[in-house]
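Student: Build the full structure now, drawing on both the sequences and the hints.
Count along the sequence shown from 1, then add 66; that gives the number in the numbering used here.
Since the hints were derived computationally from the structure, they do not count as laboratory data. The beta-carbon is built from N, C-alpha and C at its ideal position, and this holds for glycine as well. Among the clues, some could well be false.
Stated by the list, open to error - Between beta-carbon pairs, the in silico distance windows are:
1. 133 <-> 296: 39 to 49 Å
2. 263 <-> 296: 16 to 26 Å
3. 296 <-> 136: 12 to 22 Å
4. 280 <-> 248: 18 to 28 Å
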Amino acid sequence: MTKENKVIPIQLDDGKVVEAVFYGSGTLCLSTQVGCVVGCPFCASGAKGFFRHLTFDEMMTQIEVATNLCTPERITLSGIGEPLHNWDVTKQLIEDFALPVSVTTTGSPLKHLRKLLQLPHNGVMLSLHSAIEATHKQLIPRGPSCEGLLQTLKEAWPTLSRNKKRKLGINYLLIDGINDSQQELDAMADVMRSFPEVTLHLLLCNTVEHATFRSPPDERLQEIHQFFRDQDIHCRRANSWRRKEDGGCGTLMVRGLQGISEKTVAS
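Tutor: Set out below in structure tokens:
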């Protein structure tokens, strides 16, 4: 199995090229849209705006192209786009595809998040990044409010089995000087105590074009991880597959055809 990320450009009929990525851990990360409307300033996926949703056939094309190059063991909808905005296709893939499917989402729109939590998914990662409303809005400008997102999870909580609760995660992308203060950590810890089965994922900020965000220094990252462990909060640090500039979190983007090797692009 490859020890490097394999970014897989997928040419669409209208000439746009989206990217999927295979992680050496066995996970295939798929895009659900051409571009993204959410506008997270640390992410390259929406830098060129939003063009359209991917069809179910285009989702399957990503999988077919990838399986010619690698052997996926599971699928994650964590690439370009907000999966819940392309709800019908996301729902169909979760319900019908043979491999287990997980979803990373900002929770927008909340009505679809409510439905997603009840589907036979392999995991739902909620991109929160801050439990303080103003910071959350800064980092996810067109997502739901922090309050609305957490209220939706709170309302669904009694209806979820223990197994489903354990498959939920909250993503916390750590950005130096933005959401790494003690006030931010305390607020996030308060949220996590309300959902004890949920895992907190501490993610690092990858370098993307036109963005100046960066992760805190390594020493501070260790302090943050230790803080949550001391609070008896189940947290995981970013794994090596998603810390690479080539295919790591936030680095996938919509491209034109220039510079794309023909042998790696779907016909």
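Student: List in ascending order the numbers of the hints, as given earlier, that are violated by the structure.
Tutor: Of the numbered hints given earlier, the structure breaks just one, which is hint 3.
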